[in-house]
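*Asks:* So you can see what is in the structure, the chains are spelled out below.
There are 2 protein chains.
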Amino acid sequence: MADNKKMVEAITSMETDFAQWYTDVVKKAELIDYTSVKGCMVYKPAGYAIWELIQRQLDDRFKETGVENVYLPMFIPESLLQKEKDHVEGFAPEVAWVTHGGLNPLQERLCVRPTSETLFCDFYANEIESYRDLPKIYNQWCSVVRWEKETRPFLRSREFLWQEGHTAHATAEDAEERTIQMLNVYADFCEQVLAMPVMKGRKTEKEKFAGAEATYTIEALMHDGKALQSGTSHNFGDGFAKAFGIQYTDKDNTLKYVHQTSWGMSTRLIGGLIMVHGDDSGLVLPPKVAPVQVMIIPIQQKKEGVLEKAQELKNRLSGIRVKIDDSDKSPGWKFSEQEMRGIPMRIEIGPKDIEQNKCVICRRDTREKIEISLDEIETKVQELLETIQKEMLIKAKAHRDSHTYQAATYDEFVKTVNEKPGFIKAMWCEDQACEEKIKEETGASSRCMPFEQEKISENCICCGKPAKKMVYWGRAY
Amino acid sequence: MADNKKMVEAITSMETDFAQWYTDVVKKAELIDYTSVKGCMVYKPAGYAIWELIQRQLDDRFKETGVENVYLPMFIPESLLQKEKDHVEGFAPEVAWVTHGGLNPLQERLCVRPTSETLFCDFYANEIESYRDLPKIYNQWCSVVRWEKETRPFLRSREFLWQEGHTAHATAEDAEERTIQMLNVYADFCEQVLAMPVMKGRKTEKEKFAGAEATYTIEALMHDGKALQSGTSHNFGDGFAKAFGIQYTDKDNTLKYVHQTSWGMSTRLIGGLIMVHGDDSGLVLPPKVAPVQVMIIPIQQKKEGVLEKAQELKNRLSGIRVKIDDSDKSPGWKFSEQEMRGIPMRIEIGPKDIEQNKCVICRRDTREKIEISLDEIETKVQELLETIQKEMLIKAKAHRDSHTYQAATYDEFVKTVNEKPGFIKAMWCEDQACEEKIKEETGASSRCMPFEQEKISENCICCGKPAKKMVYWGRAY
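Respectively, the protein sequence lines represent chains A and B. At position 86 of the first sequence (counting the first as 1) the number is 73 in the working numbering, and the numbers step up by one without a gap. At position 23 of the second sequence (counting the first as 1) the number is 10 in the working numbering, and the numbers step up by one without a gap.
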């Protein structure tokens, strides 16, 4: 399909219909597309390249903390899935079942992994014998399947790409330490690489992972004021170890159960990137995850020397992901395309610029235009990419902070939820009934109990009993 | 499990039982393990790290030729699989079927992809409209499932990891060019990175891929004289395009069918590495795919200054994948472990060496010991790694060449197959009946019709009619 045919159809504005804006951007920036397989998507080159950059940089951070990558099977025998009671209750309703292999029915049906705790446990039960075998800090990059009824590109689909870390430790302390360590790796990654600020905290009992003792989460705020759970880290204690019999002989020669964790982030992050940074011209990508960081757009490219100069600039920008758009479209079309695709910076260069030994740089995030001398192009472009990366985070933080509210009473809470989309800090008594009532009546769920607790009021906003926790609430994706 | 406990059990020698030797190495080098899921394996850290190095270097080579990565769903609706007649006949008997999603039966069952031609065709049918959209040079890294009855680590399992490239072109010439280009990328990669020489050629009609017009292959020779098909590249012509209706409007405004290719390599390559380079002490890895390239083993490590010196050497070897084994095992154990794991080089350093400002380097491939001055460690280690990489290829080529035979008559052929395992060059009339008879009677299948044809004799060794092709034959994995 010719690009300019698609570009003439403008995308819906964010204010008019945020959901439609999102779908338009996803489609027109050519990130992802629907397929004949209901609920499953194609990650197109522009979308998959973002995932590759996320993978590479997150994986490097994992490895710095001692993580080793492995790959376990995609199938889980039904009997294995059923070994941990809470876990199977959480996942069985939404898994895909393989019942036939080749022309024959299977003796035991297999589910396609929705997550791999049970497989890792089965593996560890054979692999771990002594304290010398601990800790195990394994991770895998793979796809998982959950039979969702409603799907949305990147945010919810029947198959999605992710990483899942699974660790086993000698003590409860080691497991808790790793759980928090990985949550911090996630939070740093979101801020430093995706320019997406996140709130760290613990999930309530109701919202925690099926089978976990404690689930920690990072929650980001989207442009429309809705929250996106962006990564979770679970401490399983020795619950799975007991269900699967994962024991080790300690230094004192006694048998002990291991303590386990798991943690995951997924292609959902790309949905987060779109909804945190995007604008009415399309995608806006932070330089660190932009497959193309700089697009050079020649002006009057048929004039002598223009394409040659563009090529020369490209060659000089080594170490930066640069492309030249020398297609036969007009510069205006090329600008729109570069903006739609979220390329952080474009360089405009034409005969007049060359005469004056300069070029024009246009930032995607602020649309600021800057004239620079061609002599200093290497340093200026590098500096500007770093500036863009930093300022996108500052801007996103400012948006998050200006959309974080607090409520001391239920009336105030309801009014805020309805009138001011964002995070709402409010007190809670820790009773699940209140949490459920709030969600049912307002649509706002508990996002997390942040590590840094504040006292907004004395009592639970719902029942009026003494409050025990300050909770971040919000409507969520 | 403590390493030394496993190391005391020696591995079977290659001469005694090659198959058992292979299984022992796979297990003791901790590359892969069986799971509770029949026919599916765990890729353990040492095995998966080799795959990561293969992926990274092969992917770089792909991208240099303009390949873009994408990700398509793992499920294929039955109706889609059935659109191309030969293809479905080839794959339907060995696919896994998903029949239930969550608690409900599916309206149409889905197979777990055994390969993704049908999905790419479905995608391209929507994506391609005009000549401007061509070519599409897409690839994905994923796992695929084939319901094999007999499985062997890396060589044949129900789920395995691979890459599959799928391209669409305007003309038959472009498709053929890409098919051969990728075969060449594969062959170069095997020789330059895996130090594994391969024979390039075309598959016979009988051995070609289900639905292809032509299949090209690279065939490697294992230490035991059996062949391993190590990568294939298929030209589909416009057969799939016609079945799926993939048409484009050409410059002359007429509708034309695209021409397609696909090409794949898999974790099978790791099996090849083991069987080409391994020896009776275990794995031998070429430096370019060795997760650890150099193991520093301190001697009398409790003596003052030894561990510090080991650490200093490690720091000086930047850009090289180095580890220090400072565990409390004896140096002898550590040597055996380093050898079993195929680490290309070890550096032995003890108090006496330090006194004399030297260390001992031991090559894994030749077991040669070399004393070098600590002053020149950076250059010497780098040089030696390059030498090892080169000489491993030379050695493997020499083995392949000395195990490549020719036969002018059927008697000679049968005698060679039975007495001298290896490739056999022999003439063939192109009649499938002869090919089948040879395979049935001797166990040797046609591996490929090499690009460089020779004339071994005038007539087909089987039927005696005039020969049309010189074929490489061999028993194969």
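Treat the hints with care, as some may be off.
As a list, the in silico SDA-like pairs of lysine to any residue whose alpha-carbon atoms are at most 25 Å apart [said to hold, decoys possible]: (1) B:15 / A:113; (2) A:275 / B:312; (3) B:402 / B:412; (4) B:310 / A:15; (5) B:25 / A:114; (6) A:50 / B:113; (7) A:382 / A:114; (8) A:14 / B:316; (9) B:136 / A:91; (10) B:275 / B:136; (11) A:301 / B:48; (12) B:238 / A:211; (13) A:15 / B:113; (14) A:14 / B:72; (15) B:72 / A:54; (16) A:310 / B:2; (17) B:136 / A:68; (18) B:50 / A:130; (19) B:275 / A:55; (20) B:25 / A:129; (21) B:316 / A:114; (22) A:14 / B:127; (23) A:296 / A:238; (24) B:301 / A:301; (25) B:316 / A:54; (26) A:238 / B:312.
Bear in mind the hints are in silico, worked out from the structure with no lab data behind them.
*Asks:* Work down the list of hints and note, for each, if the structure agrees.
*Replies:* Here is how each hint holds up against the structure:
For the given pair, residue 15 of chain B sits about 15 Å from residue 113 of chain A by alpha-carbon distance, which is consistent with the 25 Å threshold. Under the criterion of a C-alpha separation no larger than 25 Å, the hint pairing residue 275 of chain A with residue 312 of chain B is inconsistent with the structure, at around 36 Å. Between residue 402 of chain B and residue 412 of chain B the alpha-carbon distance is near 13 Å, which keeps this suggested pair within the 25 Å criterion. Of the supplied pair hints, the one linking residue 310 of chain B and residue 15 of chain A is violated, its CA atoms being roughly 48 Å apart against a limit of 25 Å.
With a C-alpha separation of about 18 Å, the suggested pairing of residue 25 of chain B with residue 114 of chain A holds against the 25 Å cut-off. A threshold of 25 Å between alpha carbons decides the hint, and for residue 50 of chain A with residue 113 of chain B the separation of about 40 Å lies outside it, so the pair is violated. As the CA atoms of residue 382 of chain A and residue 114 of chain A are separated by approximately 48 Å, the hinted pair breaks the 25 Å bound. Note on residue 14 of chain A and residue 316 of chain B: the hinted pairing is violated, with a Cα-Cα distance of about 58 Å set against a maximum of 25 Å.
Between residue 136 of chain B and residue 91 of chain A the alpha-carbon distance is near 12 Å, which keeps this suggested pair within the 25 Å criterion. For a cut-off of 25 Å, the pair hint linking residue 275 of chain B to residue 136 of chain B is broken: about 34 Å separates their Cα positions. Of the pairs offered as hints, the one joining residue 301 of chain A and residue 48 of chain B holds, with about 21 Å between alpha carbons and a cut-off of 25 Å not exceeded. A C-alpha spacing of about 45 Å is found between residue 238 of chain B and residue 211 of chain A, which places the hinted pair above 25 Å, so the restraint is violated.
Of the supplied pair hints, the one linking residue 15 of chain A and residue 113 of chain B holds, its CA atoms being roughly 15 Å apart against a limit of 25 Å. The suggested pairing of residue 14 of chain A with residue 72 of chain B is violated, with an alpha-carbon distance near 33 Å, which exceeds 25 Å. Taking the CA atoms of residue 72 of chain B and residue 54 of chain A, the gap is near 46 Å; set against the 25 Å cutoff, the hint is violated. For the hint pairing residue 310 of chain A with residue 2 of chain B, the CA-to-CA distance comes to about 56 Å; that exceeds 25 Å, so the pair is violated.
In summary, the hint linking residue 136 of chain B to residue 68 of chain A is supported, as the alpha carbons are separated by about 24 Å, within the 25 Å threshold. Note on residue 50 of chain B and residue 130 of chain A: the hinted pairing holds, with a Cα-Cα distance of about 23 Å set against a maximum of 25 Å. At most 25 Å may separate the alpha-carbon atoms for a hinted pair to count; residue 275 of chain B and residue 55 of chain A meet this at roughly 19 Å. For the proposed pair residue 25 of chain B and residue 129 of chain A, the alpha carbon gap of about 20 Å is at most 25 Å, so the pair holds.
About 20 Å separates the Cα atoms of residue 316 of chain B and residue 114 of chain A, which keeps this hinted pair within 25 Å; it holds. The straight-line distance between the Cα atoms of residue 14 of chain A and residue 127 of chain B is roughly 20 Å, inside the 25 Å bound, and the hint therefore holds. Distance check on the hinted pair: residue 296 of chain A and residue 238 of chain A sit about 69 Å apart at the alpha-carbon level, beyond 25 Å; violated. With a C-alpha separation of about 37 Å, the suggested pair residue 301 of chain B and residue 301 of chain A falls outside the 25 Å cut-off, and the hint is violated.
Taking the CA atoms of residue 316 of chain B and residue 54 of chain A, the gap is about 24 Å. The hint holds against a cut of 25 Å. For the proposed pair residue 238 of chain A and residue 312 of chain B, the alpha carbon gap of about 22 Å is at most 25 Å, so the pair holds.
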